[in-house]
Amino acid sequence: MTILMPEPDQAVLARRDEIVASLRKIVPGEGVISSAAEMKPYESDGLMAYRQPPMVVVLPDTTKQVSEVLRYCHKNGIKVVPRGSGTSLSGGALPLADGVLLGLGKFKRIREIDFDNRAVVVEPGVTNLAISQAVDHAGFYYAPDPSSQIACSIGGNIAENSGGVHCLKYGMTTNNVLGCEIVLMTGEILRIGGKAAECAGYDLMGVITGSEGLLGVITEVTVRILRKPETARALMVGFTDVEAAGRCVADVISAGIIPGGMEMMDRPAIHAAEAFVHAGYPLDVEALLIIELDGPQVEVDELITRVEAIALGCGSTTCQISTSEQERLLFWSGRKAAFPAVGRISPDYLCMDGTIPRAQLPLVLRRMTQMSEKYGLRVANVFHAGDGNLHPLILYDANKPGEQDRAEAFGADILRLCVEVGGVLTGEHGVGIEKRDLMPEMFSDIDLNQQQRLKCAFDSEGLLNPGKVFPTLHRCAELGRMHVHGGKLPFPDIPRF
Amino acid sequence: MDTLKVRDAQEVEDAVRAAIAGEQPLEIIGHGTKRRVGQPMATNAVLELSALNAVTAYEPNELIITVQAGAPVADVLSLIDSKNQQFAFEPMNTSLLLGTVETEGTIGGMIAAGLAGPRRIKSGGARDHLLGAHAVSGFGESFKAGGKVVKNVTGYDLCKLLAGSWGTLAVMTEVTLKVTPRPESERTLLLRGLDDVTANKAMTQAVGSPYDVSGAAHLPGSALRTTGGALAELAQPDQALTLLRLEGITSSASHRAQSLREALKSFGATELIEDEASAALWRAVRDVEPFAASGPRALWPVWRIVCPPASGGAFGQALQRESGGEVIYDWGGGLIWAALPPAADAQAKALRQRVAAIDGHASLIRGSDEVRAGIDVFHPQPRGLAALGQRVKNSFDPRNVLNRGRLSRGQPA
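Going down the list, the protein sequences come from chains A and B. Note that this note's numbering numbers the first sequence so that position 252 is 252, with each residue one more than the last. Note that this note's numbering numbers the second sequence so that position 131 is 131, with each residue one more than the last.
FYI, nobody ran anything at the bench for these hints, they're computed from the structure. Misleading hints may appear alongside valid ones.
Within a straight-line C-alpha distance of at most 30 Å, the following computed DSSO-like cross-link-like pairs (lysine-lysine) qualify [as the list claims (entries may be wrong)]:
(1) A:Lys-40 <-> A:Lys-169
(2) A:Lys-25 <-> A:Lys-75
(3) B:Lys-265 <-> A:Lys-228
(4) A:Lys-40 <-> A:Lys-400
(5) A:Lys-400 <-> A:Lys-108
(6) A:Lys-108 <-> B:Lys-122
(7) A:Lys-169 <-> B:Lys-5
(8) A:Lys-169 <-> B:Lys-122
Keep in mind the model is a prediction, meaning the values are calculated, not measured.
Work the whole structure out from these sequences, hints included.
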């Protein structure tokens, strides 16, 4: 469980007092935190196995302050780690010993609600759920709904391109963000996009979304809001084998039905969740699907019937259909509480996050069972079945020597398997430090170099959140080198016309 | 001019490397249907990808298709249609507007241009459906971006940059796209005779309703005067048409059409158009048929204006009045196609001043070589953003060998 981070710059550390004093001039009062005790809450994000006190914490509350902090740090060669609510599960906001931790928690205002343009302008520290709450009275909502939506900030959602249950039908963050104000590492403030559907020029908003805080610091966001569907109903369907459940997912989709959410849990997860919330989950099944249909009443009623027939055709052994909003929420309660539920049956667990082609699900689950035996650790599975996004929870006890290392090795094997079957390393949690060293499983050096060149276009000195996402740090100059074999005939061996 | 007809990704790589070595920029084409969009280019060699036309993999149950960049759009659409699937962003066929041979072009061109149709308001643009790509950068290196699954946040989302980049960052050789089920049926509600501002209000109300509107367009009477096809059959002299589309399972589409009709009662009586007849209308809107190059407005330059949707009506109304031009509205008012009477600068200066006031942007999609050489075809950006865009370009293509000069004037020739 050691992960190498960039070597702290001793010259910067030696200047700490002076740096803190300079930052206090930019952000007065309580906006600069430098005592070890007060910095403690910032030592880690949601990936709590890794901790590192920052050199100093800065909590600006205006774009101008953010700009000045970044300009100062850029000029002085000081690294900066941006942070929202700190709910990242991949270590994206892990501080650096010689870095400034730039918290955006004070950016909490909803600046504008524009129902006519179906857009809301907010500061990055506003929580995901608060956006939906602010427009709820008019029947609107913000669709992407990470499980942490009560706590996670919209700025963090953009950094991680977060997903959630609704992604299958309504897209991820990137599909629901229209524009932003961003501050580059040099302190330059730029506005990208706005309330129009598309921005001019290259789709910079598109690449900033999901860039894990490595390209710039977001200080304002414009998101798209949607009108809430008339109604939603859920089915809870049990299967005695996982393959049948997987087939049911595929059959629903090939019937042309895109549910508002389609989630699966395996036996260990069902048992843990049922013991925790008593949702009435069947305990004699190997897989449980929760399928939610949303839209106009007439549509939902018809699709429920169609999906029920598909499930029966796939050999479901139990099928319950929600008849009230209360019952629908009850079906979901176990799924939503699956993580804490698993937390009750194991001292520790690792939550993995990979995506696979749906058809590979039975194979992947079988191989995970084999790995579980190999590593001697239990695994419970909850996942977004509709889009193939897996969340294997590897259960271990950190107090038992070697178990955490084994759990991490097990997790890495699962992610390798995801890539091997045509999937990807992360579907919604991000790479961060957690999957950083696995990036070569999915990308070649050339692929990674191209990504890092893009980083250089935004942050030529590599000062913003270094050590995250990329397994190797490159200097921009060396990435810019072109290898051309001179002396070749132009366009050899290509047919000419 | 040399045309290099490449057969595989390796040959693309060789061609780009040779272009770098010989300092000879390349124009990248598929079928060449959009060659005349953008600034006139400073290239004298053409890299043609139409021979890279295979469907590599199609997994209807996974909702993805992987195809080589030169695959004809029409073939791919017909393949996915055979499985009742579609590209939800409803790619525009530019052949009518630009007066090119009647082909829809290639998949690579479709993504590089990123021109989405009416369903963009519900389903997003081309950018939202490009899951992964293999491409050759201006370093002459093949790289991969994204993946082949619908949910992926591994590394930077380079696909977003490739979509809509008009071939200036990399030569795509293979792409993986998201497909979605084709709706079982569709219904269009038709309102007649609304002025642009009132129509914009009706569209705003419709798109903001819970009835899941998947198309909202307004065609003023002036724009309909000269059109043919499905729109002409409905049009009456100088009478505007406002169209609102509902799609989905039949019972739902009918039910929602009825509910929406009720909700929009104050805007006047509505007519209902179903299925094939409805689809024909939306194809006409998507492809901007009223301004077809074969029609009486053939010599008029055509602008594509994107703006906050609720501002569209007032903007378009004033634009028509002051320019003497004609407009049609899509995306609930968020997309305006404007055909303006010919002028040396295609009225660029006046138009851009006006559109900047509502935080929109305007690109000239149809214009003569002379006009395009004299103005900024794509909307000029503020200095900081333009500089960042240039650094992004350099990070993919530092020697500027890919579609040199297409996006902005003043790039080294």
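Cross-check of the supplied hints:
1. Between the alpha carbons of Lys-40 (chain A) and Lys-169 (chain A) the distance comes to roughly 40 Å, so the proposed pair goes past 30 Å and is violated.
2. For a cut-off of 30 Å, the pair hint linking Lys-25 (chain A) to Lys-75 (chain A) stands: about 16 Å separates their Cα positions.
3. Taking the CA atoms of Lys-265 (chain B) and Lys-228 (chain A), the gap is near 22 Å; set against the 30 Å cutoff, the hint holds.
4. Between Lys-40 (chain A) and Lys-400 (chain A) the CA atoms are separated by roughly 26 Å; this keeps the pair inside 30 Å, and the hint holds.
5. Restraint check for Lys-400 (chain A) and Lys-108 (chain A): not satisfied, since their Cα atoms lie roughly 42 Å apart, outside the 30 Å limit.
6. Distance restraint check for Lys-108 (chain A) and Lys-122 (chain B): the Cα-Cα separation of roughly 29 Å lies within the 30 Å cut-off, and the hinted pair is therefore satisfied.
7. Distance check on the hinted pair: Lys-169 (chain A) and Lys-5 (chain B) sit about 40 Å apart at the alpha-carbon level, beyond 30 Å; violated.
8. About 11 Å separates the Cα atoms of Lys-169 (chain A) and Lys-122 (chain B), which keeps this hinted pair within 30 Å; it holds.
Checked against the numbered hints above, the structure breaks hints 1, 5, 7 and satisfies the rest.
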